[in-house]
Each structure stands twice: as structure tokens, then as C-alpha cells.
Amino acid sequence: MSRPRPSLKERKKNRVQLYSLVPIFPTVPERSSRLTGSVKMADCIRVPLLLLLMCILTFVHPIRGQNNVANKPVFNADIQLNPAAGAGPVPANPVAAERNQGAGASPLRRRSAGWKLAEEAVCREDLTRLCPKHSWNNNLAVLECLQDKKEENEIATECNHLLWNYKLNLTTDPKFESVAVEVCKTTISEIKECAAEELGKGYLVSCLVDHRGNISDYQCNQYITKMTSIVFSDYRLICGFMDKCRDDINTLRCGSISTGEKDIHSQGEVIACLEKGLVREAEEQPGAHPIKDECKKAIMRVAELSSDDFHLDRYLYFACRDDRERLCETTLAGEGRVYKCLFNHKFEEAMSERCREALTTRQKLIAQDYKVSYSLAKACKSDLRKYRCSADSNMPRAREARLSYLLLCLESAVHRGRVVSGECQGEMMDYRRMLMEDFSLSPEIVLHCRSEIEGHCSGLHRKGRTLHCLMRVGRGDMGAIDPSCQRALQTLIQEADPGADYRIDRALNEACESVIQTACKHIRNGDPMILSCLMEHLYTEKMVEDCEHRLLELQYFIARDWKLDPILYKKCQGDAARLCHTHGWNETSEMMPPGAIFSCLYRHAYRSVEQGRRLSRDCKVEVQRILHQRALDVKLDPELQRRCMTDLGKWCSEKTEAGQELECLQDHLEDLVSDCRDVVGNLTELESEDIQIEALLMRACEPVIQAHCHEVADNQIDTGDLMECLAQNKHQKEMNEKCTVGVTHFQLIQIKDFRFSYKFKTACKEDVLKLCPNIKKKVDVVICLSTTVRNDTLQDAKEQRVSVKCRKQLRVEEVEMSEDIRLEPELYDSCKQDINKLCQNVAFGNAQVIECLKESKRHLTQRCHQRIFKLQEVEMVDPELDYQLMRVCKHMIRRFCTESEGKNVLQCLKQNKNSELMDPKCKQMITKRQITQNTDYRLNPVLRKACKADIPKFCQSILNKATADSELEGQVISCLKLKYADQRLSSDCEDQIRVILQESALDYRLDPQLQMHCTQEISQLCPEEAAAQEQTGQVEECLKVNLLKIKQEGCKKEVLNMLKESKADIFVDPVLHTACALDIKHHCAAIPPGRGRQMSCLMEALQDKRVRLQPECKKRLQDRIDMWSYAAKVAPAEGFSDLAMQVMTSPSKNYILTVIGAGVGLLFLMGLLCGRITKRVTQELKDR
1 MSRPRPSLKE RKKNRVQLYS LVPIFPTVPE RSSRLTGSVK MADCIRVPLL LLLMCILTFV
61 HPIRGQNNVA NKPVFNADIQ LNPAAGAGPV PANPVAAERN QGAGASPLRR RSAGWKLAEE
121 AVCREDLTRL CPKHSWNNNL AVLECLQDKK EENEIATECN HLLWNYKLNL TTDPKFESVA
181 VEVCKTTISE IKECAAEELG KGYLVSCLVD HRGNISDYQC NQYITKMTSI VFSDYRLICG
241 FMDKCRDDIN TLRCGSISTG EKDIHSQGEV IACLEKGLVR EAEEQPGAHP IKDECKKAIM
301 RVAELSSDDF HLDRYLYFAC RDDRERLCET TLAGEGRVYK CLFNHKFEEA MSERCREALT
361 TRQKLIAQDY KVSYSLAKAC KSDLRKYRCS ADSNMPRARE ARLSYLLLCL ESAVHRGRVV
421 SGECQGEMMD YRRMLMEDFS LSPEIVLHCR SEIEGHCSGL HRKGRTLHCL MRVGRGDMGA
481 IDPSCQRALQ TLIQEADPGA DYRIDRALNE ACESVIQTAC KHIRNGDPMI LSCLMEHLYT
541 EKMVEDCEHR LLELQYFIAR DWKLDPILYK KCQGDAARLC HTHGWNETSE MMPPGAIFSC
601 LYRHAYRSVE QGRRLSRDCK VEVQRILHQR ALDVKLDPEL QRRCMTDLGK WCSEKTEAGQ
661 ELECLQDHLE DLVSDCRDVV GNLTELESED IQIEALLMRA CEPVIQAHCH EVADNQIDTG
721 DLMECLAQNK HQKEMNEKCT VGVTHFQLIQ IKDFRFSYKF KTACKEDVLK LCPNIKKKVD
781 VVICLSTTVR NDTLQDAKEQ RVSVKCRKQL RVEEVEMSED IRLEPELYDS CKQDINKLCQ
841 NVAFGNAQVI ECLKESKRHL TQRCHQRIFK LQEVEMVDPE LDYQLMRVCK HMIRRFCTES
901 EGKNVLQCLK QNKNSELMDP KCKQMITKRQ ITQNTDYRLN PVLRKACKAD IPKFCQSILN
961 KATADSELEG QVISCLKLKY ADQRLSSDCE DQIRVILQES ALDYRLDPQL QMHCTQEISQ
1021 LCPEEAAAQE QTGQVEECLK VNLLKIKQEG CKKEVLNMLK ESKADIFVDP VLHTACALDI
1081 KHHCAAIPPG RGRQMSCLME ALQDKRVRLQ PECKKRLQDR IDMWSYAAKV APAEGFSDLA
1141 MQVMTSPSKN YILTVIGAGV GLLFLMGLLC GRITKRVTQE LKDR
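In terms of our numbering, the sequence shown opens at residue 1 and continues consecutively.
Don't take each hint at face value.
[Said to hold, decoys possible] Keeping only pairs whose Cα atoms sit at most 25 Å apart, straight-line, the calculated PhoX-like set for lysine-lysine is: (1) K890 <-> K870; (2) K1045 <-> K1129; (3) K777 <-> K870; (4) K832 <-> K870; (5) K854 <-> K928; (6) K837 <-> K870; (7) K945 <-> K910; (8) K928 <-> K903.
Read the hints as simulated data drawn from the structure, not as lab findings.
Turn these sequences into a full structure, and let the hints guide you.
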């Protein structure tokens, strides 16, 4: 136990007595080399490192010299009183010695009271100006006064040199040991190591310096401290230091070696320079000089020995002298108290920059060796020994001596429930806070994060701002971070362990003070639950922006090491060791990825009883608590961010709001790489089981939950009932916009994977495993099951392979997917650009966006066009999936198609399109679908089936040029129309083409080729007809009438094709059919339609003068004959078969055939006649 500290009056008295105990005797004159500054230190063979620190604290022996001739000392045994001290023995020991001429001092005179510094002329002016008069009679008081002057120019050069020689002789006379024996008699007897030292060799004082921390006697402690301060004022006075560090001093240019070059007494700057060099080497700064090991040890030993009194660190003392008076005036010196006070004020505005720099250097040395901190080493000495954290005494800078090792070792003991003294924990907290405040104290941060600091965090040095800036970079908020910098940050967070007490993080503490006072005031100050409370209030009204940023920056690193959450570690360390093979608190496996332990824990938290190996109840509660909190930010899930880093950058770089990144990943689930998709899928599946993971959604939906879902709110784990309840009450009055958006988003996410939809997973899980193994995406599962159902239906299977309950749910899922393009992720992703460009003002829902894309099909990008085409192909096969058609024509379907199967609904509506009872909106929708069908035969399943053999037979050249996902723009149907006119199609195909021809003859929009090639002509020649609300073939008739005015060859060809088609069937020509309807009934009723038969009947009637046709019919027929004649001229037959077909389909077919027959007959007769003449001539020639 230490003795009570003396009062201020007693300390002043003791100080005077202490000075008076110091003999002021002249001694043996020094050699000439010593006088000129070539110092030869005493050998330090007894104690390693500095050891005979002062070689050691000898009698005061000023030097007198003349012409470099030494006189032997003359000792005087008389003891005189020191005038300045009052009563006190002052040995008088007059001596004749030479004065150093280089110092410029006047010759010293022998005095009865001994030689005094105050009597030297070279120092008298400085002494009068700087030191109080009462101290002049005591050499030590004068020395302390003069050497504590900060600026070099405060003291004359000659006086400086005199002071240095005085101190040099003071520290090299072993007889001074006798004074130590007198002053520290009690202490020596208490310290066995010192009592055993042999006197007369300088070892005793060295031992006392080494055991300074154990000295309880105040007078002895002050005596040793005063003597030590003399030595620490100049590196050359420290025994052995110059020999060990000479080369490094010269290389680093930290100062001069010879006295003549730099003989001021403030050469603590040399040691400070070496310390800075040591720091630069540790930080591997560019151009850093490697300091020799023995010099490193010497530097650290000096720092350690000066750890209790800041006066001993001369550079820091001079740098911080004014700051100490201003900021730490009431702090008593000793035991490192002034250091700690200055450390606490380091970042205050009142602190000078030079002092702040010196303090930082000191802190960096502490980081390299904790013993440089007197208070920490003293407070934690027993705990370090108890938990085997003590450093190797032979290796001061070994790993075990680093501050980080000490903190990790003792923090591990605390987290394991071991007892660490309160004093030690207090010191640890101070230095943990110190590490968090100043990043530069961690060499690894300075070394590995240099580019990040320069690029993003320069100018933010104070109060932990740089560290938090680096943490923000580490989160990925400000660009990429080097992995080595990331590891250094993670290590620092583990060393500081701010999760155990938020106050360690000063930046967080200041930013969140107001939030803690309002939202977390019920929690004890410093409790780890404060951080949990802050997380609970993240993104709430009580949270402030600055606190939110600091909190997420810290939580990012805590989330990567489960041990940094002390509550989780306490509750789950047993489960983690049993299930996840964890190590000790301060042992980190490099093979274990960040966040792996927590991922392991939450996977076991949701296991069923059948799966086994579940967490304990307390651990499960903690895991769920943290999972609910961290789900707010994807970066707080290390496994998710590690696996999804690329995808986050690719898809979600602009998603910065709370919860948006996870939603974004869920939106792009099918585009993610496999590792990312797996982890996002697992988390989303957990959400379907525990919707409280969606904390923001739960907050938004609180009114609905309380009003309609309170019964299931407390029992939603593994059931999905809460989300189902919210979806069912989506349109209740309590439902607000945020909740609606959240529920809708969750429904959208469910389509990504069948596991995300609880009802669908329950109804179809067995069917999926049996029929669609290895398929996870819900869209694919729905397609797989739908295809199976469709195939079984088409093949008339006796038993459906998909169960009844699954088929019922499947239809619900298919219809739901058709309602919103976002429910079909592949389609939505493919068309997102087109939606933004063409449908930006169209709202989602009711398939409005899909309909917009269909109407803008010609302007879509290729990828989107392909997706829309596939969608239309499916909808035409199964019209029930055409959400817009089913919604708009809902009542018409009930009216006309109640008996039709779902796949025949569109066909039924087409047949009843022109009914007077047909709703105009539905009729318009049917026309849209007809236009779509006529663009490609693949979109007309009835036609495709009927013309299965005809299409490859007659239109193979078109198919060869077509691609699987692009439309043919009606080319195949146009090809079939021409073959229909040539009467070469099969009966089934002919029936379907006839229907198409009849429909397109009434509405030009149903003929894609005509519309594509004649757009300009229609707008110029037939604008009124095209603008008519009801299309009855007037546009086609207009084009036929204006055939001679059409200049574009493509359009002219299409109109000629129409004329050709009308010759094959009068129904294809609605104007002519309407005009001749009565004549057909009267003259051609017995003739079946098709193959041009009724048209031939009318043409024959026209030529028959006995038959009187209706004037309008007669006029239209004559016009058609003229058109056909023109068509024959401008579009001659391309081949013999085409020519024969034109003849056979011509109204003058009989006449043409008669002429051809007559010609053939005439040729035959001529042949016979020519043959007879030839034969007769030949015979006459033979007779000759």
C-alpha cells in the first residue's frame, strides 16, 4: 500500500530539503575530450538497454579548468545550510577545477558555501531574467529552472554548454550513490533486488529507477524523479543510449553527436525524432529508415521510464508546457496523470498543434508497447499475469507487448465472465476510446489504408471522424476498399470493442446523444443494449441522420464478427461452439468468412423439431432480434454482401434508401449469380416464415395488424399466416400507402421462387419435387406444372399428374402473374427500358403496361419484342391468361361463351364480334387480338393446326428466314392467301384462310402486309375511310379504285393480291358481295362458295344478255373486270403454272380455253398435211 500523499506545503518543504541533500562539491576534473564534448559513457554491463540510466545520479561536481590541466579534488567535510532551503545540510567541498573555455564561463571561484551556477557570469543574465531569486543558492533549482525553457534562444549558447557539462559530471560520478542511500534508506530495504546490489558501482540507482513504480516513500520518489529529469534532458546523458543509436541519429539527422555542434540542453528533441522514425518504420511509410534493434529497445525503454512523469519526455514537455497549464492545471504530476489529461484534451481546439503531434507520437509508442503507459501497466499488472497476457521481458516490442494484444487478451477474459479489476477495465476503456478517436495510433490502418485516407478521408483526423470515414468506405458507400485495409479496420474494431460500450466510439456517442436521451433513456448508460435500442429506432422519427450514419458504419463491422455483439456472444457461445465450431473470443480463424458464425446460428434458429440440432431458447431470441435489426440494411449481412457484391454494384448501385438494396436483389433474383441468388433466396424464404424480419413493413402495417391480424401477429413463425392476412386485407381502410407498397412488393417477390409463396409451396410442393425437380424459380415452376397439365389434357390422359389442389392454386398463380408485368421478372427485366420510354405514364396493375407494350410492339427493343411475342403466343393458346381480354370482355364472355372452354374463349368472341349485343370496348379488344393473330400464324393456334401441312409445303422459304422469337409480319398468312386464290390449299386450311380473308377484307388493319406497305397511300388517298370508327372494307375499296394512282410497288402488289384473292371468293370482296347479294341469291344460289365458283357464275351472268343484274352489281363487276385486266398487265404471270392458274380463274376461262383448243387443233391438222406431202416426196425420190 502506498503512503498518503503529502500536502502541497509539505511537498515544497521536501523539495527544498531534497535539493539541500545534493552535495555541491567540485570533483576530479574531466579529461580534455570530455570537456570538448566527446562524451564517453560509463559501461552498462549490469542492466540491459539503458539501465545505468544516469550512470548514475552522481554528486554535483562543476568543473574548473585552466589550460586543460587537471587539479586533484579537495574535499571539505563541513556541512552548511542552504540559504534557499532554510535549515538543511549542504556539504561544502571546495575544489580547484578548470572551466570549459568553449562555454564562455568565467573562472569558478572557491566559495565557503561551494560552487554555484548562479555565480557564473555566462548564466547570470539568463538566471536573473528567468529564475526566481530564492532559487539561486541551489544548483538543482537553477538547473531545473533553466532547462525547462522551451525555446533554444531563451538561453545563451555559452550558458547552455555550461549547463550540459554540469549535468554530464552530475550523472557520471558513482559517489552520488551515497545520497540515494541516505534519501531512500527505507525504500531500499523494502525492495529486495535493490538492497542486494553492491554499492559503489552505480547499480543501486539504476535498480531504483527500474522499480520506481514500487517506491512508496514520497521523498525518495521525488528525489529519483528529479534526478531522472536531468538525465532525460539530453540523450547523451543516458547511459549507453548514444552508443546504441549513434548511427540511427546520424542517418535520420535527428541531431548532433558532438557537444560543439549542438550543445543546448533541450535535446529531448533527438529522442522525439528517433521515436518518430520508429513510428514511420512501423507504419512502413515511404522512405522510412529501419532502426537497429538495440536502438529500438533503447528508445522504447526511454519511453517506458518516462511514462509516469511527463517532465521526463523532454520534447513532449516543451511542446505541451503551455497546454498543460491551460488544460490540466489542477492535475498533479506523476503516475502518468498529466499524460492522460493531455490525451483527453488532445482534439480540443485549445490544444496546440505541436503538443497534439507530440501526444500522438507518445500514443503510437504506447500502441507498440503498453508499458510506455505507466497507468495501464500498473493497473493491469496483476490481471496480465493472472490471465497469462504478460509480455516477454526480453522482447519489449514482441507481439505480446503490443497494446492490441493486451486489450484482446483482457477483453477475452471479460467476455468469458472472468474477473478483471475495475481499475484495469477503466484504463482499458480509456485506451480503447483512444484507438477509436485517432486512427493514426494503429500502424496497420496507416499502412494499409493510406490510399483510402488520401482519396476519401483527408482532413477528418479529429474525434474518430477519419476512422468512421474509413468505415464508410469499408461499407462500400464511397467506392472500393483494399482488402488489407478492410482487415485492419476489422482488427481495430475488435481491439477497441465498441459493441460492449458505445461510449468508446466518441463519434457515435456525440452523434447519437440526443437519440439515446429520448429513445433509450430507460437503459443504463454504457449498457450494450444501447446499440440494440438504437438499431430498433433506425429509420424512425426519433433517429437523426448523423447518428444513423455512424451507427450503420459501426454495425457493419460488428456484423462481421459475432463476438463483437456482447449480448449475442453471452447467450450463444455454447450453441456456437456446439453447432458452428467456434474458437475463443480473441481467436479468429482466417478460413472462416465474415459473418459465417451468425449465418450458422440463424440457419439453426429456424430448424424444425424434426430437423434437430436447434438453438437454445435464449440464443434463438437473440438471433431473431439481430436478424430483425440487420435486415434493414443488406450490408449488415456479411454473407449476403460478400456473395452479392457484384450484383449489388450491377443492379442496385442507385438504391440507397432503407431496405431498398435487399428489395432490389429480390427484384433481380433471376439475374443474380448463383451464390448471391442462394443467399437472397434463403433470406427471402425466412421472411415468408418470419415476416417480422421485414421490420419496415411491420412498422408501416401496424394499424392493419392491430385491426385485422392481431390474432396471428404473435404466432407467425413458420406459418406465413401474417403475410396472408395482410394480403387479404390489402384494401381495408386501415391500409396505408407504405403498407400497400410493401405487401405488393412481397407478393412480387413470391413469384421469384415457389418457396417464397407459402400457399403455393404448401399446395404444390410434392408435385414440384415429382414433376419439376431442380427448378426453384416460381415462374419456371408454374410453367413446368402448367405444361404438364396442358400436355395431359391434350393427350387425353386418364389421370392428371398434377394434383387437384395444386391445379387449382396453379391457375390462381398464372392469372395473378398475368395481372402485372412485374410478376413476370424475365419479361419485366427485358422490357424495363421500353417501359420507361414508351409506357412511362402507364400504371402497373390490370396488365396495363403489358397492353401498352403490345400496342407499341413495332418500337420495342429486340429483347422485349421477343418476350412479348412469347407472352402473346401463350395467351392465344390459353386466353384465360390474357388479363386485359378477360377483364374487358368479362360480361360478354358470360353472355356469349358460357359453354365454351377456356381455350376457346377468344374464338367464341370473334364469332360474336359483329353482334348487336357486343360491347364496343370488348369488340375493340377482340379486334386488337385479331390484328395480333394475323401478324404471325403461330399466334393463331386454330390456323396453325389447320394448316400444319400447307405451311411448310408452300411457305418454306419464309420459314427459313424467320427466327424463333420474331414475328413474320403476316408473311406466312399472305403466302397462304395466294395459295388460297390458286385453290391449292387443303380444305381445313382453306376454311381458316377464308375466314381470315373475310375478316381482313372488312378491316385493313387485319392485313399486316397491306398496312405495312400502304401506310403512306392510305393516309394520302383514303384518309376519311381510314378514320372511320367502323371499318367495313371501305379502305380496301378505296385502294382498289385508286390503283392507278399508287406509285409504291410494295403497296401496288398488295392491292393486286387483294384483287387476285377476290376472284377466288366473292366473300373476300365485301363491297362487291354486298352489291351482288341479291343476284347471287337469284342466279347462283345452287353454286357453293369458294374456289371462284360464285364469281364465275356472276361473270357468266354479266355476259349473258338474257340475265339482268342489279345496276350496282353490274357496275361493280365491270370495275372488277377492268381492275383484273390492269392487274394482268402490270403483274404478268411469273411462270407456266401461274399462267395456267390465271386462265383457270379468269371469268373468260371458256373463251380462252376454246381459243387455245382451236389453235392446238389447227396445229394438228397442219401437221398431218405437212406429213403427207413430205411422205409423198420421199417416195418419188426412192423410185428414181
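A quick look at each hint next to the structure:
1. For the proposed pair K890 and K870, the alpha carbon gap of about 24 Å is at most 25 Å, so the pair holds.
2. About 15 Å separates the Cα atoms of K1045 and K1129, which keeps this hinted pair within 25 Å; it holds.
3. Between K777 and K870 the alpha-carbon distance is near 18 Å, which keeps this suggested pair within the 25 Å criterion.
4. Taken as a hint, the K832 and K870 pair is honoured in the structure, with Cα atoms around 17 Å apart against an allowance of 25 Å.
5. The hinted pair formed by K854 and K928 meets the criterion: a straight-line CA distance of about 9 Å does not exceed 25 Å.
6. A distance of roughly 21 Å separates the Cα atoms of K837 and K870; the hinted pair therefore holds under the 25 Å criterion.
7. Distance restraint check for K945 and K910: the Cα-Cα separation of roughly 18 Å lies within the 25 Å cut-off, and the hinted pair is therefore satisfied.
8. Under the criterion of a C-alpha separation no larger than 25 Å, the hint pairing K928 with K903 is consistent with the structure, at around 18 Å.
Every hint from the earlier list agrees with this structure, and none is contradicted.
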